[in-house]
Amino acid sequence: MKVAIKFILAHLASCRDRTGSVETLRKEPVTSQGRDHPTTRLVNGLALMLLFSSLTIQASGRANWTESELTLLRSLALSSLPPLPADPSNRFADSPAAVELGRRLFFDRRLSSNGKVACASCHDPERGFQDGRALAKGVGRASRRAMPLTGMAYSPWLFWDGRKDSQWSQALGPLENSNEHNLSRGRLAKLVLAYYRPEYRAVFGAPADLTAVPENAGPLGNKSARRAWSRLQDTERDGVNRVFANVGKAIAAYERGITWGESRFDAYVRALWDDAPVRQENSLSATEVAGLKLFIGKAHCVECHRGPLFSDLDFHNTGVPIRPGLPRDLGRLAGAEQVVADEFNCLGPYSDANPEQCRELNFINKSDPRLLRAYKPPSLRNVAERPPYMHAGQFPSLQAVIGHYSRAPAAPEGRSEIKPLHLNGAEIRQLIAFLKTLSGAILSPGSVPVFR
8 MKVAIKFILA HLASCRDRTG SVETLRKEPV TSQGRDHPTT RLVNGLALML LFSSLTIQAS
68 GRANWTESEL TLLRSLALSS LPPLPADPSN RFADSPAAVE LGRRLFFDRR LSSNGKVACA
128 SCHDPERGFQ DGRALAKGVG RASRRAMPLT GMAYSPWLFW DGRKDSQWSQ ALGPLENSNE
188 HNLSRGRLAK LVLAYYRPEY RAVFGAPADL TAVPENAGPL GNKSARRAWS RLQDTERDGV
248 NRVFANVGKA IAAYERGITW GESRFDAYVR ALWDDAPVRQ ENSLSATEVA GLKLFIGKAH
308 CVECHRGPLF SDLDFHNTGV PIRPGLPRDL GRLAGAEQVV ADEFNCLGPY SDANPEQCRE
368 LNFINKSDPR LLRAYKPPSL RNVAERPPYM HAGQFPSLQA VIGHYSRAPA APEGRSEIKP
428 LHLNGAEIRQ LIAFLKTLSG AILSPGSVPV FR
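Numbering of the sequence shown is given in the working numbering, commencing with residue 8 and proceeding in unit increments.
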């Protein structure tokens with residue numbers, strides 16, 4: 008800013024030298040000087056830049072925050088994110104060879120009934136590992152929006168309703184889902200071994216002989232697939248399940264490495280704590296600071312979107328409207344029942360964890376009526392980059408989302424946790440301005456593989 012001041016003063020001095028005085032410059036007729044004169048544009052532009060800089064600095068200082076607020080801001084910053092938690096149910100989670108195999112599986116469209124759908128179809132790295140659709144689209148159309156994958160290794164529950172309790176178990180669901188990859192379990196196992204047998208063997212050891220397993224065999228799907236599955240020997244079903252589970256564990260090893268880069272908000276908090284010089288890249292405008300104050304104060308956003316993930320990873324009924332044309336959705340109330348019954352959960356035969364390591368599953372609450380239409384709040388990091396919003400894309404914009412929370416309508420089923428905020432238009436704009444400061448780069452292991 009000092010440089011800008013010196014430049015303006017020097018320029019005005021040069022004008023004084025040429026015209027006799029600054030007053031002469033101001034009094035010159037509009038026809039010769041005017042708004043479009045290069046000198047006027049330069050001085051006005053530098054003056055506006057100086058004004059903006061002073062407003063930014065004013066909004067960026069520690070004096071704007073109490074010590075308790077500074078502590079809260081630091082808890083939201085990426086620098087407060089702990090190291091990745093271990094996944095005792097997946098002993099291959101941090102294996103470099105598993106990461107590489109999982110990367111290839113993640114992008115492989117051959118692992119679908121029509122050869123056109125990969126994990127990356129709904130979790131596109133170019134879109135922040137989501138697809139920008141209100142409802143995910145694979146072989147068919149899903150009944151929910153694809154959740155972003157970044158940072159999900161920190162979550163004890165996966166999907167909007169938490170019906171899976173690990174990343175590897177979550178990765179298995181879409182593979183068999185008729186609207187997503189639409190593969191039978193037998194066909195998936197055989198495809199993976201046909202394309203990746205050496206890589207699979209290097210990570211997981213030799214697979215069982217699946218020669219006698221029909222490709223259409225699986226516990227889901229049509230009657231023919233279920234009948235073929237029921238006719239298999241226990242050892243054959245176990246062999247298929249083992250390959251199936253290991254595919255999920257490899258994909259999860261890749262997904263664990265999908266992380267956030269620093270956002271402007273993170274740089275701002277770091278500068279506050281380090282008492283660093285204010286620069287454009289680590290400062291917030293007065294509007295953005297006002298939005299941040301609303302976020303941690305009057306708007307109560309931080310009650311569910313807390314910590315460096317900007318999510319408490321729990322489940323909440325916030326009165327989100329039903330999307331017409333979709334099946335009835337019970338949210339966490341159904342998801343809790345599903346995860347307990349899942350053969351690929353932490354306590355199941357394909358988990359690598361000891362039972363005492365499955366703490367969340369051992370203490371799960373699955374009968375509380377408050378779970379009806381309760382959903383997991385996704386991280387707000389990069390939220391401005393991924394409309395539409397909510398579990399079925401009910402709201403097209405951040406303005407619509409904040410408007411919903413401001414009005415707090417009654418829940419279509421169950422009981423909403425939120426109360427009216429009565430935010431005015433200016434406050435909504437301030438919140439949106441702050442949410443945009445949460446955008447940053449998303450990093451992932453390796454590049455997109457090429458298949459021939």
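Watch out, some of these pointers could steer you wrong.
[As the list claims (entries may be wrong)] Here are the computed distance ranges between Cβ atoms for each label pair: (1) Arg422 - Thr266: 34 to 42 Å; (2) Pro89 - Arg233: 30 to 38 Å; (3) Leu227 - Arg140: 22 to 30 Å; (4) Arg234 - Arg377: 36 to 44 Å; (5) Glu363 - Pro90: 15 to 23 Å; (6) Arg377 - Pro90: 31 to 39 Å; (7) Pro226 - Leu77: 25 to 33 Å; (8) Thr78 - Arg233: 29 to 37 Å; (9) Ala448 - Lys230: 20 to 28 Å; (10) Val457 - Gln345: 48 to 56 Å; (11) Leu77 - Asp319: 34 to 42 Å; (12) Ala213 - Pro419: 45 to 53 Å; (13) Glu424 - Glu74: 41 to 49 Å; (14) Arg208 - Gly304: 50 to 58 Å.
Bear in mind the hints are in silico, worked out from the structure with no lab data behind them. Every residue, glycine too, gets a C-beta built ideally from N, C-alpha and C.
Here is what the structure says about each hint:
1. Arg422 - Thr266: 34 to 42 Å: holds (36 Å)
2. Pro89 - Arg233: 30 to 38 Å: violated (43 Å)
3. Leu227 - Arg140: 22 to 30 Å: holds (24 Å)
4. Arg234 - Arg377: 36 to 44 Å: holds (41 Å)
5. Glu363 - Pro90: 15 to 23 Å: Hint holds: Cβ distance 22 Å, inside 15 to 23 Å.
6. Arg377 - Pro90: 31 to 39 Å: holds (33 Å)
7. Pro226 - Leu77: 25 to 33 Å: violated (53 Å)
8. Thr78 - Arg233: 29 to 37 Å: Because 56 Å falls outside the window, the suggested range is violated.
9. Ala448 - Lys230: 20 to 28 Å: violated (48 Å)
10. Val457 - Gln345: 48 to 56 Å: violated (37 Å)
11. Leu77 - Asp319: 34 to 42 Å: Since the Cβ atoms of Leu77 and Asp319 sit about 21 Å apart, the hinted range of 34 to 42 Å is violated.
12. Ala213 - Pro419: 45 to 53 Å: holds (52 Å)
13. Glu424 - Glu74: 41 to 49 Å: At 29 Å between Cβs, range violated.
14. Arg208 - Gly304: 50 to 58 Å: At roughly 56 Å between Cβ atoms, Gly304 and Arg208 fall inside 50 to 58 Å, so the hint holds.
Of the numbered hints stated above, those contradicted by the structure are hints 2, 7, 8, 9, 10, 11, 13, listed in ascending order.
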